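Asks: Listed here are the chains, written in short residue letters.
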Amino acid sequence: MSVLVLVEHTDGNIKKKSFEAVQYAAEIAKKTNTTATALVLGTIADSELENLGTHGVQKVLHVADEKLNELHARAYASALIAAAQKEGSKIIIALHDINGKAVAPRVAVKLKAGLVSGALSYPDLDKGFVLKKAVFSGKAFAFVNITSDVKVITLMANSFPLAPGSGKASIERLDVTFGDKDFGIKVKSVDKVTGEVSLADAELVVSGGRGMKGPENWGLIEDLAKELGAATACSRPVADAGWRPHHEHVGQTGGTIRPNLYIAVGISGAIQHLAGVNGSKVIVVINKDPEAPFFKAANYGVVGDAMEILPKLTEAVKKFKQHK
Amino acid sequence: MKILVCISQVPDTSTKIMLKDNDTAVNSQGTTYIINPYDEWYALIRALELKESVVATDVHLITVGKADTEPVIRKALALGGDQALRIDADSIDPYQTANYIAEYAKTVGYDLVLCGKESIDYNNGSVGVMIAELLDADYIGFATNIQVEGTIATVKREIEGGEETDVVNFPVVIACQKGVAEARIPNMRGIMAARTKPLNVVTPTASAAVTTILSYEMPPAKAGVKMVSPDNMDELVELLHSEAKVI
Ligand SMILES: Cc1cc2nc3c(=O)[nH]c(=O)nc-3n(C[C@H](O)[C@H](O)[C@H](O)COP(=O)(O)OP(=O)(O)OC[C@H]3O[C@@H](n4cnc5c(N)ncnc54)[C@H](O)[C@@H]3O)c2cc1C
Ligand SMILES: Nc1ncnc2c1ncn2[C@@H]1O[C@H](COP(=O)(O)O)[C@@H](O)[C@H]1O
Numbered sequence: 001m002s003v004l005v006l007v008e009h010t011d012g013n014i015k016k017k018s019f020e021a022v023q024y025a026a027e028i029a030k031k032t033n034t035t036a037t038a039l040v041l042g043t044i045a046d047s048e049l050e051n052l053g054t055h056g057v058q059k060v061l062h063v064a065d066e067k068l069n070e071l072h073a074r075a076y077a078s079a080l081i082a083a084a085q086k087e088g089s090k091i092i093i094a095l096h097d098i099n100g101k102a103v104a105p106r107v108a109v110k111l112k113a114g115l116v117s118g119a120l121s122y123p124d125l126d127k128g129f130v131l132k133k134a135v136f137s138g139k140a141f142a143f144v145n146i147t148s149d150v151k152v153i154t155l156m157a158n159s160f161p162l163a164p165g166s167g168k169a170s171i172e173r174l175d176v177t178f179g180d181k182d183f184g185i186k187v188k189s190v191d192k193v194t195g196e197v198s199l200a201d202a203e204l205v206v207s208g209g210r211g212m213k214g215p216e217n218w219g220l221i222e223d224l225a226k227e228l229g230a231a232t233a234c235s236r237p238v239a240d241a242g243w244r245p246h247h248e249h250v251g252q253t254g255g256t257i258r259p260n261l262y263i264a265v266g267i268s269g270a271i272q273h274l275a276g277v278n279g280s281k282v283i284v285v286i287n288k289d290p291e292a293p294f295f296k297a298a299n300y301g302v303v304g305d306a307m308e309i310l311p312k313l314t315e316a317v318k319k320f321k322q323h324k
Numbered sequence: 001m002k003i004l005v006c007i008s009q010v011p012d013t014s015t016k017i018m019l020k021d022n023d024t025a026v027n028s029q030g031t032t033y034i035i036n037p038y039d040e041w042y043a044l045i046r047a048l049e050l051k052e053s054v055v056a057t058d059v060h061l062i063t064v065g066k067a068d069t070e071p072v073i074r075k076a077l078a079l080g081g082d083q084a085l086r087i088d089a090d091s092i093d094p095y096q097t098a099n100y101i102a103e104y105a106k107t108v109g110y111d112l113v114l115c116g117k118e119s120i121d122y123n124n125g126s127v128g129v130m131i132a133e134l135l136d137a138d139y140i141g142f143a144t145n146i147q148v149e150g151t152i153a154t155v156k157r158e159i160e161g162g163e164e165t166d167v168v169n170f171p172v173v174i175a176c177q178k179g180v181a182e183a184r185i186p187n188m189r190g191i192m193a194a195r196t197k198p199l200n201v202v203t204p205t206a207s208a209a210v211t212t213i214l215s216y217e218m219p220p221a222k223a224g225v226k227m228v229s230p231d232n233m234d235e236l237v238e239l240l241h242s243e244a245k246v247i
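Going down the list, the sequences are from chains A and B. Per our numbering, residue 1 is the first one in the first sequence, and the count goes up by one each step. Per our numbering, residue 1 is the first one in the second sequence, and the count goes up by one each step.
Because the hints were derived from the structure by calculation, they are not lab data. Some hints could be false.
To be verified - The following residues of chain A were derived to be distant from chain B, with all beta-carbon distances above 12 Å:
#	residue
1	T54
2	H62
3	D65
4	K67
5	Y122
6	D124
7	L162
8	K168
9	E203
10	K213
11	E216
12	W218
13	G242
14	T256
15	Y300
16	G304
As the list claims (entries may be wrong) - Here are the simulated lysine-lysine pairs, DSS-like style, with alpha carbons at most 27 Å apart:
#	chain 1	residue 1	chain 2	residue 2
17	B	K222	A	K139
18	A	K181	B	K245
19	A	K296	B	K51
20	A	K319	B	K226
21	A	K181	B	K2
22	B	K51	A	K318
23	B	K51	A	K188
24	A	K296	B	K106
25	B	K245	B	K20
To be verified - Partial selection, computed: residues in chain B whose CB lies under 7 Å from chain A:
#	residue
26	D12
27	T13
28	N124
29	E163
30	K178
31	E182
32	L214
33	A221
34	V225
What you are looking at is a predicted structure, and each value in this text was computed from that prediction instead of being measured. Ideal Cβ placement from N, Cα and C applies to all residues, glycine included.
Produce the complete structure using the sequences and hints provided.
Replies: Okay, structure coming up:
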């Protein structure tokens, strides 16, 4: 009956958001008087797997097949189904990210299970099995009840703070018989962005808009981001003009992010831009126009010229870090 | 080659969401509806391009919705496509929606099913994957480029931390986003032609929903912005540290 959670790793290092998903699964297990089991796919060291115990799972199922090092959604789904069968799991959890979104709906269909995508809360068991999620691009929340026997959830990352304990998980290998179709998609080439903080997972983001005037001024954004350990983002016109790469553009047509801190510099705050960032916990807006609509969505605001403010802010962050 | 494009009707981005009936439903009065942007700008337009380059023979549109979705479907037909099908049902459960679409798709046998990366109303990004599973087909999400040759598609897609190019056999479901195509505006000829294009309506065979929305909630109003003087960035940093606790 154990709660099953799919864990992701990058080259053998478990992702932070997966620790969050594991902790989330363990908490649901507690609420439903059962235990949590983590499923890990691909090449990874046992020492890293044992670590999952610190976030509340007793057991880790490991499918060591190296073909699983890349996302093969159908194979991942087969592995989840095999693990769910072994554990008798009725609650299955993945992340609401590119991998989870490709796998969880398949698992839901296979198990005729209701799916809530992008859950922000623990299930409310008094009312059924009710999860909160954002709808209408963050303009409202919905409370969705899963009525089927088996339940599948994708968790929105950065919804719960990590609170690691001291447990150590036991590891069991799981052999999965894959079908022909599980690896039907042939990967021709992979192009990984390395080095920078990945925008989708970043806790801190510094973002620039047309108010930055041109790509030559982006050093100011990058300096602040570097000092903070933040990722960089931009508004759509900035990407369209080629000042920044397209994967940095956030908003309705770009990425959706939910960092702890979003610093918007020289961005007016159009509704299409807000759709991508309004899940951020704290928003700082730096804009020379005190009437810029973004201030309405902000927690902190600074009115002034970005070219002057950015170096000062970077300096202040540097000073703060030295004294900490 | 036959393409099915999944079209979902959604409230216009700039619409203010209002609730009714004790917050158990969304008030659609005064709401302008549009074609889900990802379906229109990317999935539909790429399907039309494939037809224009004679790779595709048929482009069919499908929507699950009640009669009030017909203006939006007509608008999609004005951009192009040979015919549309409306499955007469009001479904906000992705599994149910996918079942309806897959049931129909099986009767025709499409090579390519194109959908959007997510609908901007319920933001699930689930319907396409579920259709693929129901059709026993492959699925590629977050596509940024789709090329077709014979019975093979070469697709560029976003992955966790980068980009990947995949090769996949038909039939396949592909969820489209920015990059796949350039948005177009319907012209007068298209609008006229759309009037006479077939828009068939079918009643779905029963398929139960496995989720229901019990209620909605509006986000709490922002406490109001706290302004910091541009000459006092130390204060801003201090606030972010000790008040907001984000650094
Ligand atoms: C269907 C649709 C989808 C869209 N999708 C997206 C999307 O996904 N993402 C997105 O971002 N946009 C999107 N847009 C565009 C969106 O509506 C806005 O046009 C866009 O976000 C504006 O970008 P901006 O704020 O950088 O530029 P502007 O609106 O030009 O704003 C620039 C801001 O910089 C300020 N400024 C100027 N100089 C300075 C200075 N020296 N110091 C400080 N501040 C300064 C100005 O006061 C102004 O507020 C979409 C639009 C449509 C119609
Ligand atoms: N009611 C619907 N009718 C037709 N297609 C839909 C419907 N709902 C969703 N889709 C398709 O599935 C995609 C993903 O939707 P969703 O899972 O709701 O985020 C959309 O971009 C559409 O292409």
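Asks: All the hints need checking, so say for each whether the structure fits it.
Replies: Evaluation of the provided hints:
1. Listed as outside the interface, A/T54 is consistent with that label: its C-beta sits roughly 23 Å from the nearest C-beta of chain B, beyond the 12 Å cut-off.
2. The Cβ of A/H62 sits about 20 Å from the closest Cβ of chain B, beyond the 12 Å cut-off, so the non-interface label holds.
3. Consistency note on A/D65: stated as away from chain B, and its beta-carbon is indeed over 12 Å from all of that chain's, at 19 Å minimum.
4. In this structure A/K67 is separated from chain B by more than 12 Å, as the shortest Cβ-Cβ distance comes to about 15 Å.
5. For A/Y122, the condition that its CB be more than 12 Å from all CB atoms of chain B holds, with the nearest at approximately 16 Å.
6. Under the 12 Å C-beta cut-off, the non-interface status given to A/D124 relative to chain B is violated; the minimum distance is some 9 Å.
7. Every CB of chain B is more than 12 Å from the CB of A/L162 (nearest about 14 Å), matching its label as outside the interface.
8. Distance check for A/K168 against chain B: the nearest CB is about 27 Å away, which clears 12 Å, and the non-interface claim stands.
9. Under the 12 Å C-beta cut-off, the non-interface status given to A/E203 relative to chain B is violated; the minimum distance is some 8 Å.
10. The beta carbon of A/K213 sits about 17 Å from the closest Cβ of chain B, which is more than 12 Å, so the claim that it is off the interface holds.
11. No beta-carbon of chain B comes within 12 Å of the beta-carbon of A/E216; the shortest separation is about 22 Å.
12. The claim that A/W218 lies off the interface holds: its Cβ sits roughly 19 Å from the closest Cβ of chain B, which is beyond the 12 Å cut-off.
13. With a closest Cβ-Cβ approach of about 14 Å to chain B, A/G242 is found to remain outside the 12 Å limit, as its non-interface label requires.
14. Residue-level check failed: A/T256 sits 8 Å from the nearest beta carbon of chain B, not beyond 12 Å.
15. Residue-level check failed: A/Y300 sits 5 Å from the nearest beta carbon of chain B, not beyond 12 Å.
16. Not every CB of chain B lies more than 12 Å from the CB of A/G304, the least distance being 3 Å, so the non-interface label is violated.
17. Taking the CA atoms of B/K222 and A/K139, the gap is near 13 Å; set against the 27 Å cutoff, the hint holds.
18. The straight-line distance between the Cα atoms of A/K181 and B/K245 is roughly 48 Å, outside the 27 Å bound, and the hint therefore fails.
19. Between A/K296 and B/K51, the direct Cα distance comes to roughly 45 Å. Violation of the 27 Å bound is thereby established for this hinted pair.
20. Distance check on the hinted pair: A/K319 and B/K226 sit about 22 Å apart at the alpha-carbon level, within 27 Å; holds.
21. For the hint pairing A/K181 with B/K2, the CA-to-CA distance comes to about 22 Å; that is within 27 Å, so the pair holds.
22. For the hint pairing B/K51 with A/K318, the CA-to-CA distance comes to about 56 Å; that exceeds 27 Å, so the pair is violated.
23. With a CA separation close to 26 Å, the supplied pair B/K51 and A/K188 stays within the 27 Å bound.
24. With a C-alpha separation of about 49 Å, the suggested pair A/K296 and B/K106 falls outside the 27 Å cut-off, and the hint is violated.
25. Taking the CA atoms of B/K245 and B/K20, the gap is about 36 Å. The hint is violated against a cut of 27 Å.
26. Annotation: interface hint on B/D12 violated; nearest CB of chain A at approximately 10 Å, more than 7 Å.
27. At its closest, the beta carbon of B/T13 sits 6 Å from a beta carbon of chain A; the interface hint therefore holds under the 7 Å criterion.
28. Contact between B/N124 and chain A, as hinted, is supported at the beta carbon level, the nearest pair being about 4 Å apart and thus within 7 Å.
29. Because the beta carbon of B/E163 sits about 5 Å from the nearest beta carbon in chain A, less than 7 Å, this interface hint is met.
30. The restraint placing B/K178 at the interface with chain A holds, with a minimum CB-CB distance near 5 Å, inside the 7 Å limit.
31. Contact between B/E182 and chain A, as hinted, is not supported at the beta carbon level, the nearest pair being about 11 Å apart and thus beyond 7 Å.
32. For B/L214, the interface hint holds, the least distance from its beta-carbon to any beta-carbon of chain A being 5 Å, beneath 7 Å.
33. Contact between B/A221 and chain A, as hinted, is not supported at the beta carbon level, the nearest pair being about 10 Å apart and thus beyond 7 Å.
34. Because the closest C-beta pair between B/V225 and chain A is about 4 Å apart, less than 7 Å, the hint holds.
In summary, the numbered hints that this structure violates are 6, 9, 14, 15, 16, 18, 19, 22, 24, 25, 26, 31, 33.
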